[in-house]
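Asks: Next come the chains, spelled out residue by residue.
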Amino acid sequence: MSHPNAAAADIAGLRRRIAAIESGGGTAGEPLEDIGGWLPFGIPAVDGPLGGGLALGALHEASAKAPGTEGALTAFGLALAAQAAKAGRRPVLVVQQELAAFEAGGLYGPGLEEIGLPEGTLVLVRVRKVQDVLLVMEEALKCTGLSAVLGEVAAPLPEPLTATRRLSLAARAGGTLGLLLRQSRDPEPCAALTRWVIGHALSRPRDAYGGLGPACLSATLTRNRHGPPGQWTLALQGSAFSLAPPEGLRHEPGDPAPRDLRAPLSQPVARPPLHGPHRAAIVA
Amino acid sequence: MSPEARAAPRVTVALEKNALRLAALNTAAAALGLAPGLSLADARARHPGIEVAEHAPEADARALAAFADACERYTPLLALDAPDGLLLDISGCAHLFGGEKGLLRDLIGRVSGTGFSARAAIAATPDAAAALARFSRKRGCIAPEGTDLSALLAPLPLAALRPEAGTLAALARLGFARISDLQDKPRAPLAARFGAPLLARLDAATGAARAALEHRFPPPRFSAEKPLAEPIERVEDVLGLTHHLAGTLAAALERNGMGARRLDLALFRVDGKVTRLTVGTGRPVRDPAFVRRLFAEKVAALESLDAGFGFDLLRLSAPLTEPLAHRQDGFDAHREADAARDALIDRLAARLGGARITVPVLQDAHIPEEACRLVPAQKARRAFDPAALDNPRLPQADTDAPSRPPRLFERPELVEAVAEVPDGPPIRFRWRHLTHHVMRAEGPERIAAPWWREEGLSPTRDYFRVETTDGRRFWLFRAGLFGTEVVQPAWYVHGLFG
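Going down the list, the sequences are from chains A and B. Residues in the first sequence are numbered consecutively from 1, following the numbering used here. Residues in the second sequence are numbered consecutively from 1001, following the numbering used here.
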């Protein structure tokens, strides 16, 4: 029944399939456009080493630099998700480990709106275990109805290489941006296309009287399949990234010292609440 | 329970009128002449050897509910007749079990198999059936269609009508013992003396008046079931049959232009236990393959489906349905994407529980923690609108930083802060054992508790957005106005900015 040639052909076919699967992460020889497009940061210095921006249809990993920098990590992830949603015209799904929400707070609608994810554009899943985060991420990445899937974990992944490999394949199948946010750094190998370490950075004051300007975060690209790693300080306004002005420009001699302000009107005064019921009346 | 143990006289006792009295007893105890209501002291005086246990009405109710579950195999229309009876509406069902006689034999056989004894009766009215089951001489009694119920009930004691205890005692004093004693008496004086309920019960039992049954579960409009000659145990078999049932159900739903929003799968085990699985969906569905996938997720979340000796009846019903019109599928990629997303949400909900998949919905409230609510995604009927992404609500022009944090603590966390009095921003604060020095601050943004709320009046909060010397941004507030509301205001961290 089984002819030796037929068996050899079967094995050759299987080898081809394995090769196709293995190249899933996007090896150097593969045309990059095949992956499904790019999500540019809009900063040539960052997009250059990445080959055009974050690859869609692939998994990326970002971890917090130190405990307590979850705010910057969240802002980084959500801003990218908001950009992906805008480009892909589809909502995003965030799956959070309950412990992560307990440690650093739950996602908050009004804040999400200011970062570019208004009501109705985000589905939030909360699960107890890391394994469930991975399961939900994999299912969601395969779904064609989402533009980005964010998974936030507070604990180390079990078998990180296998888990991230599965997620990469799922992201490739669905053409979705996958982003794994980790509240603690893990040196274990990982199949993500890029790995980032996100920390806080001092921002530039808004004006001579202090006040908060756009938030700054330090983004370190520790692994990059398409180019060299790098380190940048990015300023974030809404969901748009820009390069933060160099350190030297932040405290010019002419600027008053930030906390040396006790004169009348030195403090920025309260402004009308953005989301209050009587907002229209106040603005008028 | 072994036969020897069953043969020993056993009673249960409950505290009633300041004395422990017999509540229930077994056949052996009844044979000794004991009766419910007798005080335990009297019973022990007569028969010192009786075994006594505490009466547990909750356990009785649980057992009755388990029997009710098991009896759903005969009919979906079922009512509890507490504390010890079940009423089954078997209109149009009996032929499935070989006629009324066959159904009665099957029912008594199944109950005996579990170690309980049962008495059953079939009659045209529920009250007559209940009376016959309890007071007829036979264990299984059938009053065929067209029997004169008045004649059949006449020899039964008045207790069969279950009047109130006082009424029964008064009737006994007057010499009324059997139902026949009441039947030939003028009704007006009886009603005047004992009230209308007594006659109403008599009429309901004889069929002169109709009484409504209060069903245990509202009967579903759409339901499909499959009895099996050979019980099945494997999960794949159960899911395969579910697929088959869903196909049957889909045909019925389609004829009526409906889709299911909730689906119940009842798995009847051979030994009488019933496993119920419920899945909900965000939009009406009837695709059998999708229904199968939902139940597969549900079963996967259960870890194990305890099949015991196997399931011999499966019933799939749709208790909640919604109109689902026929639709011509076009080439609209967005509609396809929406459908894929809804299917994903339904699958995740079946696996993890619907409450875990949420969407944030903004509320019209000043207090920050009340300004956003997480609503289960399956219940939020708001469709995704891509246009919302194009004009986001950006921070107002007078600042470059967002005014609300993307992360908010469910409970504000208390910090030790050093701040300028009376209402300056914090200079430094200690949060989770780390001291942060404030570099820049914006604020205050004063948010007062809603005055129209009486209870839980919390102090006014002054919110500050601060950046520390290492670049972290926090949303802090001071609870209470210094000097007027509180003496020493407390500081809290409420959220984290990017």
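Honestly, the hints are just simulated from the structure, not real lab data. Treat the hints with caution; some may be incorrect.
In silico DSS-like pairs for lysine-lysine, Cα to Cα no more than 25 Å straight-line [as the list claims (entries may be wrong)]:
hint, chain 1, residue 1, chain 2, residue 2
1, A, Lys142, A, Lys129
2, B, Lys1226, B, Lys1273
3, B, Lys1379, A, Lys142
4, A, Lys65, A, Lys142
5, A, Lys86, A, Lys142
6, B, Lys1298, B, Lys1379
7, A, Lys129, B, Lys1298
8, B, Lys1298, B, Lys1273
9, A, Lys142, B, Lys1273
Under 8 Å between C-beta atoms, here's a sample of chain A residues computed to sit facing chain B [unchecked claim]:
hint, residue
10, Pro44
11, Ala45
12, Pro49
13, Ala72
14, Pro91
15, Glu114
16, Leu124
17, Asp132
18, Leu202
19, Pro205
20, Ala208
Idealized CB from N, CA, C, for every residue including glycine.
Asks: Next pair to validate is Lys86(A) with Lys142(A); report whether the Cα-Cα distance is within 25 Å.
Replies: holds, 19 Å
Asks: Take a quick look at whether Lys129(A) and Lys1298(B) sit within 25 Å of each other, Cα to Cα.
Replies: Status holds; Cα separation ~17 Å.
Asks: Under the criterion that the straight-line Cα-Cα distance not exceed 25 Å, is the pair Lys1298(B), Lys1273(B) satisfied?
Replies: holds, 19 Å
Asks: Tell me if Glu114(A) is really an interface residue toward chain B, meaning its C-beta lies closer than 8 Å to one of theirs.
Replies: holds, 4 Å
Asks: With a cut-off of 8 Å, does the beta carbon of Pro49(A) approach a beta carbon of chain B closely enough for the hint to hold?
Replies: violated, 23 Å
Asks: Is the straight-line distance between the alpha-carbon of Lys142(A) and that of Lys129(A) 25 Å or less?
Replies: holds, 20 Å
Asks: Per the CB criterion, is Leu124(A) less than 8 Å away from chain B?
Replies: holds, 5 Å
Asks: Do the alpha carbons of Lys142(A) and Lys1273(B) lie within 25 Å of each other, as the hint requires?
Replies: violated, 38 Å
Asks: Mind checking the alpha carbons of Lys1298(B) and Lys1379(B) for me, to see if they're no more than 25 Å apart?
Replies: Answer holds: Lys1298(B) to Lys1379(B) is near 19 Å, not above 25 Å.
Asks: Go through the hint on Pro91(A) and say holds or violated, using the shortest Cβ distance to chain B against 8 Å.
Replies: holds, 5 Å
Asks: Using Cβ atoms only, decide whether Asp132(A) comes closer than 8 Å to chain B, and label the hint accordingly.
Replies: holds, 7 Å
Asks: Is the interface hint for Leu202(A) satisfied, with its Cβ closer than 8 Å to some Cβ of chain B?
Replies: Leu202(A) check passes; min Cβ-Cβ to chain B is 5 Å, inside 8 Å.
Checked against the numbered hints above, the structure violates hints 4, 9, 10, 11, 12, 20; every other hint is satisfied.
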